[in-house]
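**Student:** Protein chains in written order, with our numbering: chain F, 25 to 142; chain G, 3 to 481; chain X, 3 to 103; chain D, 477 to 676.
Derived by calculation from the structure, the hints in this document are not laboratory data.
Treat the hints loosely; a few may be bogus.
[As the list claims (entries may be wrong)] Once the Cα atoms are required to be at most 16 Å apart in a straight line, the calculated EDC-like pairs of lysine to aspartate or glutamate come out as: (1) G/K430 with G/E323; (2) X/K91 with G/D148; (3) G/K99 with G/D148; (4) X/K90 with G/E367; (5) G/K430 with G/E367; (6) G/K440 with G/E357.
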Amino acid sequence: MLIEYLPILIFLVFALIFASLMISVGFAAGPSNPDSEKNSPYECGFDPFEDSRMKFDVRYYLVAILFIIFDLEIAFLFPWAVVIHEIGLTGLLAMAIFLLILTVGFIYEWKKGALEWD
Amino acid sequence: MMNFLFIMPEIIITTSMSVILLIDLFLKKKNKIISYYLIQFTLLFLIFFLIRNFEQITSLNHQDFSTDIFSIVFKTILLSGLIIIFYYSYNFLRYFKVYKTEYFLICLFGLLGMMIITSAQDLLILYLGIELLSLSLYSIIAYNKDSAFSSEAAIKYYVLGAIASGFLLFGISLIYGLTGTISLNEVFQFIYDSGSRDAVQNVGYIFALTFIIVSLGFKFGAAPFHMWIPDVYHGSLLPTTLLLSSLPKIAVFIIFIKLLLQAFIGLFHFWADMILILALISIVIGNIIAIVQTNFKRMLAYSTIANIGFILIGISLGTQESFTAATFYTLSYVIMSMAIFGILTFITINGKAVEEISDLSGLNENHPWQAFLILLTMLSLAGIPPLIGFHAKLFLIQVLVNSSYFIIALFAVIMTVIGAYYYLRVIKVIYFDKVSTKINLIISSLIVSINTLLLLYLGLFPYNLVNLSKFLMSGFFST
Amino acid sequence: MIPMSYYLILSSILFSIALAGIFINRKNIIILLMSLELMFLSINFNFIIFGNFLSDLTGQIFVFFVLTVVAAESAIGLAIIVVLFRNKKSINVDDIGGLKG
Amino acid sequence: MSTELLIFIFFSLLLVFSALKVIIVNNSVKAAIFLVLSFFCSAVLWLLMNAEFLSIILILVYVGAVMVLFLFVVMMLDINLSNIKEKFVNYLPLGLFIFLVIALLLILFFDNQFSDVDRNIVTEINILNDNNTMNLGYLLFTEYIIAFEIAGIILLLGIISSITLTQQKNNDNKYQAPHDQINVTKSDRLKIIKDEEFRK
């Protein structure tokens with residue numbers, strides 16, 4: 025069974041080797057003579073006022089929540105879809121109820137304006 | 003077609019929760035009261051439904067989701083408790099203009115979690131129920147978004163609660179590894195079959211039990227895992243404290259019964275001592291630290307810890323009598339706790355909610371009836387006859403004496419006497435101190451009076467509640 | 003075949019790292035939450051290990067549900083952190099002392 | 477030494493390393509990245525233990541969604557990094573102590589209790605074939621339907637409470653309302669005042 029995953033392993037190993045090779049070649053071959061002025065952040069002659077990271081809005085968080093929930097829904101849909109012939113009507117109904125519950129959450133999120141992006 | 007009757011209460015709650023959530027989205031702000039009434043109606047309907055179909059439901063025998071008398075009776079108790087709590091909370095939240103329908107809906111999720119706990123027959127469903135309850139509690143503690151205290155309390159409770167869940171899961175994973183099953187009855191059978199009382203052979207179970215009991219100690223608020231209780235009681239809104247101090251206690255007690263009595267009774271020798279240690283530490287810490295508290299909610303928090311200690315003593319003896327006493331104690335404590343917090347939700351001090359004990363000084367002069375109600379609850383909590391708190395403690399001490407644990411019985415009596423001091427101090431403040439604040443009532447409520455007078459009534463005629471507790475516990479000891 | 007005890011030792015090391023992380027972390031609640039994630043990861047390890055060596059799928063089912071619940075739990079936890087940060091402008095564990103504890 | 481053991485050793489060492497890094501780095505973003513690495517290593521190890529489906533889910537949900545959420549929150553809170561660096565060393569001995577005690581205890585315990593692999597515990601389940609996802613799905617939708625629905629309810633609770641908690645009351649963003657702009661009529665903007673009225 026595990027042998028099926030061998031291509032992925034090989035792919036990963038090669039990806040790692042190539043990525044590190046390229047970075048190291050870049051470091052080794054490229055010219056590099058740093059001084060303090062080159063390394064300091066450039067902002068028109070004075071020290072930077074604030075962190076270079078920008079503050080995110082809370083809406084990103086809300087969208088990410090929705091993403092998690094529906095990601096998990098997909099995670100439940102996979103095994104359901106695979107066995108739908110074996111589990112019959114009961115399974116279908118169970119999934120319908122599950123989706124209905126999550127749809128309620130989706131409507132709630134929508135109406136509350138958590139998806140508004142003005 | 004499958005028969006869904008056994009899970010009907012849960013289906014009704016889920017459906018009505020979704021429908022009310024959707025209706026509420028389309029209601030105007032001034033019409034939000036409709037969703038409140040809809041919620042109360044749902045709960046009432048559910049109680050009616052359970053009582054109406056009692057025979058039929060309890061005769062069903064489902065493997066993973068039990069609907070025996072034990073769970074149905076507890077479900078009814080939880081539902082009726084929640085109706086009263088919602089009634090108290092609603093007036094408070096409306097008065098302080100923090101009302102949102104989501105508050106009650108999130109509480110309903112918690113109720114659903116508790117109902118699932120009472121019916122759970124395997125560790126997976128039990129875990130899911132516990133998580134549903136905990137998640138809803140995290141959210142309603144943080145509900146008061148403008149208060150730094152509230153969010154601090156929430157994050158503390160969250161972190162400790164998540165650690166406790168982790169410990170519980172770790173214990174469950176060990177149990178699963180040792181027995182190969184997650185069904186409570188099969189776990190019981192497996193331990194029963196192996197039949198060994200030797201500590202060395204059972205070290206795996208002892209390890210698992212330690213993790214599970216530590217986690218339940220966290221959830222219950224037993225010392226030395228009580229750190230969150232005072233902060234959360236202090237930091238959250240009064241209705242939230244009211245909810246926290248009542249129904250989840252019943253739920254955690256049910257978890258104790260499910261795990262210790264149903265699954266691990268074969269390991270009684272190992273868990274009894276652990277629980278007893280928790281119980282004694284809780285009683286000492288609760289009673290001693292409560293003396294120095296000036297904040298009313300913090301004082302009641304430490305009093306909760308002490309009372310939890312008493313409940314744990316009942317659990318630790320592991321006999322039918324002691325579990326009956328613990329059930330009786332839990333139920334009466336919940337009624338007392340609902341009474342005292344219920345009274346407090348109707349009182350405002352200079353337009354704010356009650357915080358310090360001294361806020362209530364001289365309450366008797368302007369509001370003698372409210373003062374009398376507080377007097378009753380305080381006397382009951384202190385364990386003074388003829389109120390119910392007295393019977394709860396008496397029953398437990400009787401059980402201790404009957405099992406010839408004389409030293410622990412003496413210890414419990416001494417601690418009760420020490421505990422009486424801080425309850426009586428409240429009475430002194432209310433009756434003998436000068437008025438220093440402007441005390442108003444939000445509305446004068448009949449229900450809170452009934453709730454409080456119930457303490458007196460049950461104190462005079464405790465036999466109904468005793469019989470109920472006996473009845474509930476008899477199912478676990480029939481074999 | 004790798005012996006079961008190897009896996010169990012790995013999961014117990016992970017569990018103790020997570021627990022130590024919870025205790026030493028006084029800087030930042032978000033890292034504390036990440037330690038909690040590690041803890042749940044090690045518990046999931048336990049379930050999968052036991053399930054595998056008992057050749058029973060219940061362990062994997064349990065893990066599936068734990069993954070679901072923990073995702074919802076961390077969503078709520080992060081929401082509480084957002085609220086806390088709005089109120090206090092800090093998520094340093096040591097700054098949370100308004101309540102005596 | 478078999479290939480399987482080699483893979484196990486490599487990824488478990490990487491897992492322990494990255495887990496340690498998660499708890500000792502100062503920067504939350506770095507901690508999140510290391511947590512991603514530890515999830516990834518765990519996924520590989522779960523694959524070794526025949527939990528194919530779960531290892532994919534771990535990457536899909538945890539690396540794909542949960543860690544994104546963590547990173548969003550880290551970015552959102554804009555924590556000043558300079559003043560959270562101190563005070564770390566004070567707690568290090570405590571952490572080391574806890575780590576050593578618990579690790580030793582657990583390792584000793586596990587080594588004793590679970591050294592024998594086949595312990596005669598027979599478990600019967602309906603196994604369709606050796607497809608992990610199918611078996612899991614079949615079990616999930618026959619024996620654990622109730623748990624499955626409860627999971628749905630927990631997710632709904634997650635949505636509701638996180639929105640209730642994080643949404644701010646007043647949304648003070650200014651933006652155009654094209655619909656309103658188009659529907660403006662003359663009478664909304666123009667008020668015609670009769671000459672006589674004005675004179676009065």
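**Student:** Indicate, hint by hint, whether the structure satisfies it.
**Tutor:** Here is what the structure says about each hint:
{"no.": "1", "hint": "G/K430 with G/E323", "in the structure": "violated (37 Å)"}
{"no.": "2", "hint": "X/K91 with G/D148", "in the structure": "holds (13 Å)"}
{"no.": "3", "hint": "G/K99 with G/D148", "in the structure": "holds (12 Å)"}
{"no.": "4", "hint": "X/K90 with G/E367", "in the structure": "violated (40 Å)"}
{"no.": "5", "hint": "G/K430 with G/E367", "in the structure": "holds (13 Å)"}
{"no.": "6", "hint": "G/K440 with G/E357", "in the structure": "holds (14 Å)"}
Going down the numbered hints, you'll see the structure goes against 1, 4, while the others check out.
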